[in-house]
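**Q** Residue numbers (my numbering), protein chains in the order written: chain A, 1 to 284; chain B, 1001 to 1352; chain C, 2001 to 2294.
Read the hints as simulated data drawn from the structure, not as lab findings.
This structure is a prediction, so every number in the text was calculated from the model and none was measured.
Fair warning: there could be bad hints in the mix.
Think about it this way: if two alpha-carbon atoms lie no more than 27 Å apart in a straight line, the pair counts; the simulated DSS-like pairs of lysine-lysine are [what the hints assert, rightly or not]:
1. B:Lys-1266 to C:Lys-2119
2. A:Lys-105 to A:Lys-224
3. B:Lys-1004 to A:Lys-151
4. A:Lys-105 to B:Lys-1235
5. B:Lys-1235 to A:Lys-151
6. A:Lys-136 to A:Lys-93
What follows is the residue order along each chain.
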Amino acid sequence: MTQIKRKSDTKMVPVPSMAIVPERDIDKAPVLEARHLGIEFGGLKAVDDFNIIIGKTEIAGLIGPNGAGKTTVFNLLTKVYQPTTGTVLINGKDTHGMNTVQANKAGIARTFQNIRLFNNMTVEENVRIGLHNQVKYGMFSGILRAPSYWKQEKKQHEKSLDLLSIFDMQDMADVKAGSLPYGAQRRLEIVRALATNPSLLLLDEPAAGMNPHETEELMENIIKIRDQFQIAVLLIEHDMNLVMGICEGICVLNYGRIIAKGTADEIQQNPVVIEAYLGKQKEA
Amino acid sequence: MKNKKTFRSNLITYLLVIVAFVICQLVLEGAIPGVKMTRSLKGQLVPICVYIVMAVSLNLTVGISGELSLGHAGFMSVGAFSGIVMSSWLVSAFQFENETIRLIIAMVTGGVFAGAAGVLIGIPVLRLRGDYLAIVTLAFGEIIRNVMNCLYFSLDGKALYIGFNNPSLPGKLLVNGPAGATGVDKISTFTMGFAPIIFTLFVVLNLINSRSGRAIMAIRDNRIAAESMGINVTKYKMMAFVTSAVLAGMAGALYGLNYSTVVASKFRFDTSILVLVFVVLGGIGNIRGSIIAATVLTILPEVLRAFSDYRMLVYAIVLIVVMLATNSPLLRNLVERIRPKKKAEAKGGDAV
Amino acid sequence: MISFLSHLVNGISLGSVYAIIALGYSMVYGIAKMLNFAHGDVIMVGAYITFCATQYWGLPPVVSVLAAMLVCTVLGVVIERLAYKPLRAATSLAVLITAIGMSYFLQNAAQLIWGANPKSFPSVITLPTLSLMGGQLLISGETMVTVLANVIIMIVLTIFTSKTKMGRAMRAVSEDKGAAELMGINVNATISLTFAIGSALAAVAGVLLCSAYPALMPTTGSMPGIKAFTAAVFGGIGSIPGALVGGLLLGVIEILGKAYISMELGDAFVFAVLIIVLLVKPTGLLGKKVHEKV
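Bound conformation, chain A alone:
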């Protein structure tokens, strides 16, 4: 496994117990704070009493067996589902009553497990959709081609290429997103999410379908993105090399409940986690 530099400035700040790694530095104003989050589907508790705090520029992982409720947590955080219990604070702001659009504006952006690109639009247009709320001109300026149209379009174009350059994708700007190879589609989703200028980036299985080499590149890029944009990252991933390699804190979910929290080392040695993944060891 490649050695990846971990961010390790540990000022001692009193932290709430919801932080994944308590002794780690959590800024006074955490990016994400979820308390007692839960949702029921027809009586079944898909997620129950989910608590997490993610600090600014923290990379956190959310792992767990299939069907544990990881993507449901993402859907709750991004307000695709409205939680039945609990609260979510983004940058200290209560997201109660917000919809997906408002959650994004509050600073949360995501990628999808089953890629959801705008397939009939070009790579650049996909990124431009991410930049949508940072471009200021209305429908009529657009139709009448007002000066603001030309100015903003130019700015948007440059910014799109800038963002695409993170993954060296500028050359593909005019390719239809749907015709990109799988790995590039995943990368484009990350760029598109970044374009919305989030303070927290949610990545849903970013390494799925990637080969080990691509995954390594992705790990470096996630760290690069964190450092460059100064944002927090919460990722769902089954690739343990990736999770253990870059996540400063890890949260393990099973049957909709958090069963363990901690650093990579702690999680790897936690008997509850081992049991959740491998089943109960037979008593000798």
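With chain A fixed as given, assemble chains B and C onto it according to the hints.
**A** Positioned in the frame of chain A, the structure of chains B and C alone reads:
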């Protein structure tokens, strides 16, 4: 690169329309020796303009916004009747006779009223999706027709009277419920029919290539992803729907003022389907295709008289075959094998 | 009071026809997840076949209706195989446009074969009119047969879907096509069967509809078809009792609306019901709620 390509494509579309218009004008004025237009074809010139606007505006809803609307003729009828009433009222109230300006005002009125209808209908309709949305637009198209059948307008000098299910109004009856509008001033001309085409192209093409247009297309491609990118789905769906309604209302006014009698049953479900055929045949999302399909399919039955009995049957078959050819995996593979597409463009992605 | 009762009876009669048509829509929508726009036109074909069989070929009514059912069954299956099956993986937009094309094809083919002028459809029902309350409330033979047919069809179909192997296969396919296929269910055959049943019912509905409203035209089926779809949505698409409830309610609303509010706006009421139902309870009165997967 992309911008240049779109620019060239749009330019071709504009040029196509302008050249076609100039040629038609020259033929009408007898400037091209030996080429003459038959009477029936002359009669089709304004309807062609109307159907081009209808097709392009429906393509905005179906192709760009990705919502199947089956009630487009409803907006056309709102535009037609409001345009007729406005044009007659101008004469009756102000003795305003200038036909060109009256037609322009009538088209603007038609657009405004159809747009208002678009907002009213859009609010409930756009909350639905897929088949349900389609069937509800159909329902609204029928409701509009039903309501139009009950509307009575009369003019008495400056006063405009409106009756619902009540034909006994003072003054001269202008719109007479199911009997429709009678004694309409035929003020639509081919030259004036050309203006809304250019206007429609300007609005639709510029909208597509702007921030709003991209948002509309993003919602079409993936609603959930668009929402999580911070795009207000209702707002942009509404924008496309209402713009489409305004343009259809304009076309309706042009259409209504081209005949001396206009009845609400003219704007039946059939008309909506006819326009849909233009859109599908021209290529869903392809604006230039809509223009060509609307023109050709309006002229064709005039040229081939004997064929007219089979016209709708052929349209139906064409509709099915086009959908099968473009959507069935089996047929699509066959087409691609015969005509290998430019794959090089897509190959660029493999480099990483 | 008597006039209200007689309107109510008419409403139930019309509603029963809607219910039978709605069943076809509902079953097809439940299984193939598509709005078979041409379903209303299959009704029209059924009515024309019955008309030809009784008027031109001199067949007895029962045989004529059976012939119509047979023709419509074949027609329904052929339509599905030719036009809809290749589009299983296509977008709902593409499927719906194809179905509209099919509807137009049937209407215009019928116009070429039988002409555009309305034909006067002789009732195939010979039952005498029932006179109640000293002759004040009349219930026609058509009404009684329609309601009876409706009840029988509902009972038979309910038993079929819950008790027989093929019925269970239909329910499995409507739940999850892929899983049903893995369990060894022939999905294509099941979908064909659904179209066959729906189309046979459409033929019956066509005969009943034209017996009550005798003007037969190529467009006869389209409006009742759309209204029956409304009924299916009203009751909850995919549900057999839903089709019954939705159909009856819609028939009654239409007749009462026409009688007491406005004749011209009768259709508008029906569509207003559709819009309100879709907005307030999109799954219909008896439908199940479905979650969208993200």
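**Q** Quickly compare the C-alpha distance for B:Lys-1004 and A:Lys-151 to 27 Å and report which way the hint goes.
**A** The given pair, whose Cα atoms are some 17 Å apart, holds under the 27 Å limit.
**Q** Is the straight-line distance between the alpha-carbon of B:Lys-1266 and that of C:Lys-2119 27 Å or less?
**A** 23 Å, holds
**Q** What's the verdict on A:Lys-136 and A:Lys-93, does the C-alpha distance respect the 27 Å limit or exceed it?
**A** 24 Å, holds
**Q** Hinted pair, alpha-carbon criterion (27 Å max): B:Lys-1235, A:Lys-151. Please report holds or violated.
**A** This hinted pair holds, its Cα atoms lying about 24 Å apart.
**Q** If you draw a straight line from the CA of A:Lys-105 to the CA of A:Lys-224, is it 27 Å or shorter?
**A** The hint holds at about 23 Å.
**Q** Holds or violated: A:Lys-105 with B:Lys-1235, Cα cutoff 27 Å?
**A** 16 Å, holds
Checked against the numbered hints given earlier, this structure breaks none of them.
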